[in-house]
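Chain order of the listed sequences is A and B. Residues in the first sequence are numbered from 434 upward in steps of one, following our numbering. Residues in the second sequence are numbered from 3 upward in steps of one, following our numbering.
A few of these clues could be false.
Taking CB as the label site, the calculated pair distances span [claimed, not checked]:
1) A:P473 <-> B:P20: 27 to 33 Å
2) B:D64 <-> A:S461: 26 to 32 Å
3) B:P10 <-> A:P447: 37 to 43 Å
4) B:T19 <-> A:T459: 38 to 44 Å
5) A:S502 <-> B:G98: 24 to 30 Å
For the record, the hints were derived by calculation from the structure and aren't laboratory data. Note that the structure is predicted; figures quoted are calculated from it, not measured. We put the CB at the ideal spot given by N, CA and C, even for glycine.
So the chains spell out like this:
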Amino acid sequence: KQEVTQIPAALSVPEGENLVLNCSFTDSAIYNLQWFRQDPGKGLTSLLLIQSSQREQTSGRLNASLDKSSGRSTLYIAASQPGDSATYLCAFYTGTASKLTFGTGTRLQVTL
Amino acid sequence: DAGITQSPRHKVTETGTPVTLRCHQTENHRYMYWYRQDPGHGLRLIHYSYGVKDTDKGEVSDGYSVSRSKTEDFLLTLESATSSQTSVYFCAISQGMYEQYFGPGTRLTVT
Numbered sequence: 434k435q436e437v438t439q440i441p442a443a444l445s446v447p448e449g450e451n452l453v454l455n456c457s458f459t460d461s462a463i464y465n466l467q468w469f470r471q472d473p474g475k476g477l478t479s480l481l482l483i484q485s486s487q488r489e490q491t492s493g494r495l496n497a498s499l500d501k502s503s504g505r506s507t508l509y510i511a512a513s514q515p516g517d518s519a520t521y522l523c524a525f526y527t528g529t530a531s532k533l534t535f536g537t538g539t540r541l542q543v544t545l
Numbered sequence: 003d004a005g006i007t008q009s010p011r012h013k014v015t016e017t018g019t020p021v022t023l024r025c026h027q028t029e030n031h032r033y034m035y036w037y038r039q040d041p042g043h044g045l046r047l048i049h050y051s052y053g054v055k056d057t058d059k060g061e062v063s064d065g066y067s068v069s070r071s072k073t074e075d076f077l078l079t080l081e082s083a084t085s086s087q088t089s090v091y092f093c094a095i096s097q098g099m100y101e102q103y104f105g106p107g108t109r110l111t112v113t
């Protein structure tokens, strides 16, 4: 069974810092990977999707990479802002029907 | 935002009563999913659908049933609600091996 771990579980940084969130998985037979953010009491917002043939994807200040051989994905956030404060979740597509297995999440707080 | 709505958004019900949650999409996506989110467990898949009348079980399907009679609607039913089913329920949609888009969630409390 695929297990997905996100480290750290929580992170507090001052505004302007560049930061990296880590996501590791146990089964390299994955298809695509998706990063989400979740604000308190809200639903999930899709940030980036990396397809299995890709190694990274970028959107604005966000860059996500995928290394299946090492069982790892990272989400890089450049020049963090207070509005980036949220919980970040990685999720892997495995098997059929596009079923997602979610990581445990990293709660990020960006302070002024 | 993807056109996904969930109803009701909040519900309090008593143990033993039946409850039905509704997910409605306007995107004509083939796949629909129901997840629950609990502290310490993260998001877990309950059931999913890969077409009208085509459904299958997820990781935590015991105590839940689903139905999909139209492309746009996916219903989740708790036949006899228990306190362990107190949770936040999310619906999601996708067009296959691509991005999943999530609804706003339903907060269900079983007393």
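How the hints compare with the structure:
Checked against the hint of 27 to 33 Å, the pair A:P473 and B:P20 passes, with Cβ atoms roughly 30 Å apart. Evaluation of the 26 to 32 Å hint for B:D64 and A:S461 yields a pass: the beta carbon distance comes to about 30 Å. The beta-carbon spacing between B:P10 and A:P447, approximately 40 Å, falls within the hinted interval of 37 to 43 Å. B:T19 and A:T459 have their C-beta atoms about 40 Å apart, which keeps the hinted 38 to 44 Å range intact.
A beta carbon spacing of about 26 Å between A:S502 and B:G98 agrees with the range 24 to 30 Å that was offered as a hint.
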